[in-house]
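Trainee: Spelled out from the first residue to the last, the chains are:
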Amino acid sequence: MLFSPAPLHIPNNFLSLAVSILCWVITASVLAVAISKTNKSLGERQVPLMGIMAAFIFAAQMINFPVAGGTSGHLLGGALVAVLLGPWAGMLVMTAVVAVQALLFQDGGLVEMGANILNMGIITVVIGYGLYRAVMTQSRTAKLATIGFAAWLSVMASALATSLEIWLSGNAKLEIIIPAMLLVHALIGIGEALITVAALGFILRTRPDLMGEKSASAQGGRGWIFAGVLISVAVVLLSPLASADPDGLERVAIDLGFIDTARSGPFELLPDYTLPILGETPFSTIAAGAIGMVVVLVIAFMLGKAVQNRNPVNPKS
Amino acid sequence: MHDSVFDRYHETQSPLHSLDARVKVVMAVAFILSNSLLPDGAWLAFGLTWLAGLFLNWLSGLGVGFTLKRSFIALPFALAAITAIFAIPGQPLGEWQLGSLTLIPTDAGLLRFVSIVIRSWLSVQAAILLVATTRFPDLLHALEHLHMPTVLTTIIAFLYRYLFVLTDEVMRLTRARQSRSAAVAGRRAGRSVWWRARTAGNMTGQLFLRSYERSDRIYNAMLARGYTGQLRTLTPHIMRSRDWAYSAAAAFVILLLQISGRF
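Each protein sequence line maps, in turn, to chains A and B.
Sequential numbering of the first sequence, starting at 1, is according to my numbering.
Sequential numbering of the second sequence, starting at 318, is according to my numbering.
Keep in mind that the hints were calculated from the coordinates and are not lab data.
Quick caveat, the model's predicted, so the values are computed rather than measured.
Built from N, CA and C at the ideal position, the CB exists for glycine as well.
There may be inaccurate statements among the hints.
[Said to hold, decoys possible] Output of the computed footprint for chain A on chain B, the stretches with three or more beta carbons under 8 angstroms from beta carbons of chain A:
| # | stretch |
| --- | --- |
| 1 | 437 to 443 |
| 2 | 461 to 474 |
[What the hints assert, rightly or not] Among the chain A residues that face chain B by a calculated CB cut under 10 angstroms, a handful are:
| # | residue |
| --- | --- |
| 3 | Ser20 |
| 4 | Asn39 |
| 5 | Ala60 |
| 6 | Trp167 |
[Unchecked claim] For lysine to any residue, the following SDA-like pairs were computed, each having C-alpha atoms within a straight-line distance of at most 20 angstroms:
| # | chain 1 | residue 1 | chain 2 | residue 2 |
| --- | --- | --- | --- | --- |
| 7 | A | Lys143 | A | Lys40 |
| 8 | A | Lys143 | B | Arg515 |
| 9 | A | Lys40 | B | Pro466 |
The following block holds chain B by itself, in its conformation from the complex (with noise of 0.2 angstroms):
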């Protein structure tokens, strides 16, 4: 397996691309947090936001429908809130019967719920496009540069780091245990769940050893070239003028979309 398979990042020019990795974090974030200090039923700030981010599409060289493609594996996710329907209360649209239950679908709960979905998948596009345009190396490096502390992010580094490598393991331990695992075609294969439960955990109790026993290998080779419990970038991170300029004019775009959202 490749590496590229956990890789969000997608090569190419454009002015998102070279854009400082914490302007981007700080954008995304600040985007989301919009969305959330949005209204109910603010359609004319949703609409506005899923422009902007359009916009920020276009920007990023990848295609207008970029994340709009990538945006539907979140969807089922935010279908979820669909408790919010009987949580608020408003004009009855109607009474189901769920055993001892009694659910009242509201106007008002609609509303929410609508806006709910709505806010979390303009949120997601904004989520893919900060890991579609930033290397993960430089993300952890940006999220270094905003206070998180280095323990984590060498943790999270060596995660994404091994996380291929680990799968491949995984891959291995199924590939055994489906050539082990003769069946006769038309009779059930294998025995209860209790058994494939503890297949499945033997299988991951292997994985443990085989990664604790990688570990100590990796620390030594990194002992071996120099390390000293902080991992080195190549790559400088200074804000450039040009940097100060997209944080302004987000900012700037955030208020008016706030402003829209309540007027």
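The shape of chain A in the complex, shown without the other chains (with noise of 0.2 angstroms):
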């Protein structure tokens, strides 16, 4: 009943302690910025908030309908939660909710749980965000039309973050993991998309305050646009190119020493024992190069809101 049908909680040890390791410094300094932001800018009382909303978000995913054959579609919510709460209390919400299915329900490993709290509760945020606050004082349709979009490419950048870790782990060929996770959470996107637009329209018409000019969701600066078109162009450009053509992006991957790096780390003693991985199939530059940079300018961008020191705009609960 409680857990996900989508792969995308990566149990334990199926990452390399580098990939892991990576995974949770990036996490943990984009978490460090929203504890930060949502400190200074929020009163008590939203923490509070945020812990109801985690559990809203846990019990949401238990509301599923019948699609066909037995599946069912359900919610992974990081986009619903962005738009609702904003960026920042989103990220920590869904940390939280990542946080619990590992800890209590097995459901994700615990070192790989940097891994997941990127792809579900940080990718995902910044997408569903970044694009609904491109279109925050539009029509209706037109901001439930991108919500739509942004759910369902959020699951899609999840699945192909996901792959690419376990392919940076060698565990997997570029060329089977990524059809394979994209297909399928390509319709499970759609679900995810349906569910949170259903919801929105709902709340939308019962509790327009709740996501108007004032709401909590307003307070993220424009740059949030920036960074949700950003990594959308990044995953829309990625999942063709890497799916189509990996030899060559794996070669110059190896070339940059990357793949060596997140393979056999320093803890390898006995190098001999695993296979040469240089013989591998090859990946090319361009994702490798692609992703390196969306990371560290997400990460920037990140960072230089965080020194920014603006008047923080008291949210409405």
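Two chains, two frames, a set of hints: combine them into the complex.
Mentor: Right, here's the structure in full:
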């Protein structure tokens, strides 16, 4: 009942230690900014709200609807919570959800939690919020359509990030894992989009104040549009590229020493024990470079926003 | 519904239960990391790790097979590592044609796959034992001692506390949906998938509003009881000498496991 059918929760020991640590570093730095931002701009009132909202996402994941052949669609929730609570609070809420899934229900590994938070709690929120922020003042239809697309894309981005992490750990070939993951999640993403749009449509009808000009979600700066669009474009460009022609990409990743670092850490006491990695399917430069660039840009952007001491807009609880 | 549905804690008296929560968290994570560090096909070390797990089960007073029974729910997820069979270069074991893709399983790939499943299965047992022997509030308190930010632990504490309340809410919504969905036997009930998705979405929106309003009431009630932004706890968390002794023993065992994995 509680488990997501989407294979996005990376289980224990699936990622190499180096990839796990890299993901933890990214996740921890983004969360550190999120925490300092929420501490600064939100009152103590916001903390119980975020806690209840985390429970809401958890409970909402249990609302499913039959699709076909015994499968059912249900929510991941990143885009939804980003629109409702704003980006920073949304990240913290999703982090709590992923943490409890791993701690209590063994859905996702403890060491892999950094990667899981990054995939499901940070990337989804940035895409969901960034795209929503771009159309926040537009008509209801434009808003809902954009949110629907953002919700779908956030699931795809999550699946893509998961695939890349598993590939970097040396446990899958790109030409297998990317088409498989993206195909499954293209369908799961439709369910995500439908529920997100319907839920927000319902809230717009009944409590428009929660999504209005003064709402919590209006507090993010316009820079979020940039981040959201950037990651979205990266996902859209990268997915077909990586699945159609993985060979070139992998070769450059090897030239850059990226793969070796990721796959064999300093802990490898007996390198002869493992098989040589160099003969493996090559990957091309563009993807590795693009991912790296996007990651750096996002971190730089977030740090920039954190340092920039704006007068916090007081959100309506 | 009762909150015990989500509670994974098993009350009993045992050396493991009375151990400081911090020690248990660090031990569990170290155990999982140790599994990650074992090379592929380190059968001796895997076996010894499993024995260590059995010993901890016995120590917990919950029965030697306690985590074994519960570990199988996580196994289907571990099978997703099947892609590893085709990812590692080595002696080809055959060739499968899948559309335009040629899948070549290799011996090294198979070794990697089996090793990942075993590691994952051993690690899940450590995680299961951790939450079975530690009360959730103690676990959060321990994470706070281990420098997890207070905002996060507080959010998680709220999530845990209200999870079953909101699950009740979901059940009420689902029951309402069912009671309004009369169906003639033999005929398809409901409309298209889109329509069903919209219903689920409306339920989600409704759940959000109920949760949102509930959080207001909760906050007001908490203020009335003197909430200042910090959750307090009565359990003292002090490292005693036996906590240190267990930590040292665990570190020693993990070191032995690592050595056994490399020879």
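Trainee: List in ascending order the numbers of the hints, as given earlier, that are violated by the structure.
Mentor: Number 7 - this is the single hint that the structure violates.
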